[in-house]
Amino acid sequence: MGNSFREIMDLIGGRDVKSILILCHQNADPDAICSSYSLLSLLKHFKPDIYGEVASPESVSKISKGILERLMMKVTNDKPDFSRANVIFMLDTNTVQQLGEWGEDLYESSLPIIVVDHHAPHPETEKIASICICRENYSSTCEIIYELFKEAGVKPTKDVAEALFLGMAFDTKHFTLASSSTFKAIADLIDFGVNAQEMLQLLTVPMDISERIARLKACKRMKLMRIYGWIIVFSHVSSFQASAARALVDVGASLAIVGSQDKDKISISLRCSNEFYSKTGIHLGRDIARILGEQLHGMGGGHSTSAGVNGTGKLEDAFKYAAKILKEKLKQYPYQ
Numbered sequence: 400m401g402n403s404f405r406e407i408m409d410l411i412g413g414r415d416v417k418s419i420l421i422l423c424h425q426n427a428d429p430d431a432i433c434s435s436y437s438l439l440s441l442l443k444h445f446k447p448d449i450y451g452e453v454a455s456p457e458s459v460s461k462i463s464k465g466i467l468e469r470l471m472m473k474v475t476n477d478k479p480d481f482s483r484a485n486v487i488f489m490l491d492t493n494t495v496q497q498l499g500e501w502g503e504d505l506y507e508s509s510l511p512i513i514v515v516d517h518h519a520p521h522p523e524t525e526k527i528a529s530i531c532i533c534r535e536n537y538s539s540t541c542e543i544i545y546e547l548f549k550e551a552g553v554k555p556t557k558d559v560a561e562a563l564f565l566g567m568a569f570d571t572k573h574f575t576l577a578s579s580s581t582f583k584a585i586a587d588l589i590d591f592g593v594n595a596q597e598m599l600q601l602l603t604v605p606m607d608i609s610e611r612i613a614r615l616k617a618c619k620r621m622k623l624m625r626i627y628g629w630i631i632v633f634s635h636v637s638s639f640q641a642s643a644a645r646a647l648v649d650v651g652a653s654l655a656i657v658g659s660q661d662k663d664k665i666s667i668s669l670r671c672s673n674e675f676y677s678k679t680g681i682h683l684g685r686d687i688a689r690i691l692g693e694q695l696h697g698m699g700g701g702h703s704t705s706a707g708v709n710g711t712g713k714l715e716d717a718f719k720y721a722a723k724i725l726k727e728k729l730k731q732y733p734y735q
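Counting from 400, one number per residue, gives the positions in the sequence shown under our numbering.
Some hints could be false.
The list that follows gives simulated cross-link-like pairs (lysine-lysine, DSBU-like), each with its CA atoms no further than 30 Å apart [claimed, not checked]:
id	residue 1	residue 2
1	LYS557	LYS417
2	LYS526	LYS730
3	LYS443	LYS417
4	LYS464	LYS478
5	LYS417	LYS572
6	LYS526	LYS446
7	LYS461	LYS443
8	LYS464	LYS583
9	LYS557	LYS464
10	LYS572	LYS473
11	LYS554	LYS583
12	LYS464	LYS417
13	LYS549	LYS526
14	LYS549	LYS572
15	LYS526	LYS478
16	LYS443	LYS549
17	LYS572	LYS557
18	LYS728	LYS678
19	LYS557	LYS616
Estimated spans, in silico, between C-beta atoms of each pair [said to hold, decoys possible]:
id	residue 1	residue 2	range
20	GLY499	ARG611	22 to 28 Å
21	MET606	GLU715	25 to 31 Å
22	GLY465	LYS723	40 to 46 Å
23	GLU535	LYS622	29 to 35 Å
24	LYS622	ASP504	47 to 53 Å
25	LYS473	MET606	25 to 31 Å
26	ASP590	HIS696	47 to 53 Å
27	PRO522	THR575	39 to 45 Å
28	SER579	LYS557	40 to 46 Å
29	GLY592	LYS622	49 to 55 Å
30	GLU715	ASP448	51 to 57 Å
These are calculated hints, taken from the structure and not from any lab test.
Quick caveat, the model's predicted, so the values are computed rather than measured.
Glycine residues also receive a C-beta, built at the ideal position from the N, C-alpha and C atoms.
Make the full structure from the sequences, and use the hints.
Take a look at the structure:
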């Protein structure tokens with residue numbers, strides 16, 4: 400694993416770095432914004448005068464907005480001035496397409512790019528990265544950032560500890576997906592003054608009517624397939640694709656693929672049950688989303704049980720290709 404924080408400081412220390420730009424994915428979730436907040440705090444510990452801007456295309460999630468108020472943190476939705484920064488960080492973002500139109504600016508930039516993420520690394524992202532700290536065995540990007548604090552020998556302040564806790568709690572679905580290393584990190588953060596119950600309340604936001612309607616529409620529109628015994632469902636909604644996919648898995652699907660189409664642009668969310676992953680070993684980000692993204696002339700990636708794809712074409716064709724991939728991969732793993 401090595402000392403990744405030393406790599407970062409060697410790069411920053413070897414240049415006249417006065418300003419950094421931290422980029423998060425579209426609709427940035429608590430793991431993205433909390434890891435950004437914590438990383439900026441860590442860098443300021445060693446370089447107090449450094450200026451840092453955090454940006455997320457379009458907006459941040461509803462839950463993230465409440466956390467930003469708690470942290471008194473600003474995340475800009477406007478296109479940042481890429482020329483102002485000396486170094487660019489991509490946090491919790493493993494494909495350039497998750498940055499929307501800003502991706503073109505990233506490709507054109509000659510600045511060093513440092514990627515910190517807990518998703519399966521995407522080959523295109525690795526090509527442009529000066530440093531790529533991708534630890535897929537970690538449950539959240541915040542857990543990686545906490546590891547950087549430990550590598551640097553720095554104790555997080557209470558507000559940073561709270562941010563790290565929130566990111567870990569969110570991405571592990573309130574610790575239902577946590578590993579042993581996550582629980583060890585959480586124990587440390589509580590020792591640093593985090594009130595776990597208080598923090599978890601910040602992650603509880605009532606579902607608004609538009610998200611409920613999207614979930615119900617996804618259920619109404621779904622098409623069900625049995626592939627070697629596994630229940631695979633496809634559906635489409637104009638928004639809240641990830642939430643709709645989760646809902647379909649909750650009501651019984653082994654794997655849910657929910658997409659939307661705006662002219663020729665396609666966005667797809669994939670979710671599967673823990674049983675599906677544990678019995679098949681099929682990693683949605685690496686084995687399905689990445690392949691599907693390439694087929695759609697876009698990009699795909701994500702976790703073992705949750706992933707996303709962006710591309711172009713017809714959504715119905717994308718669903719057919721996804722089914723073809725699954726038929727090939729599930730031959731060896733019929734449902735028992």
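Hint numbers contradicted by this structure: Result: hints 2, 5, 19, 24, 27 and 28 break, sorted rising.
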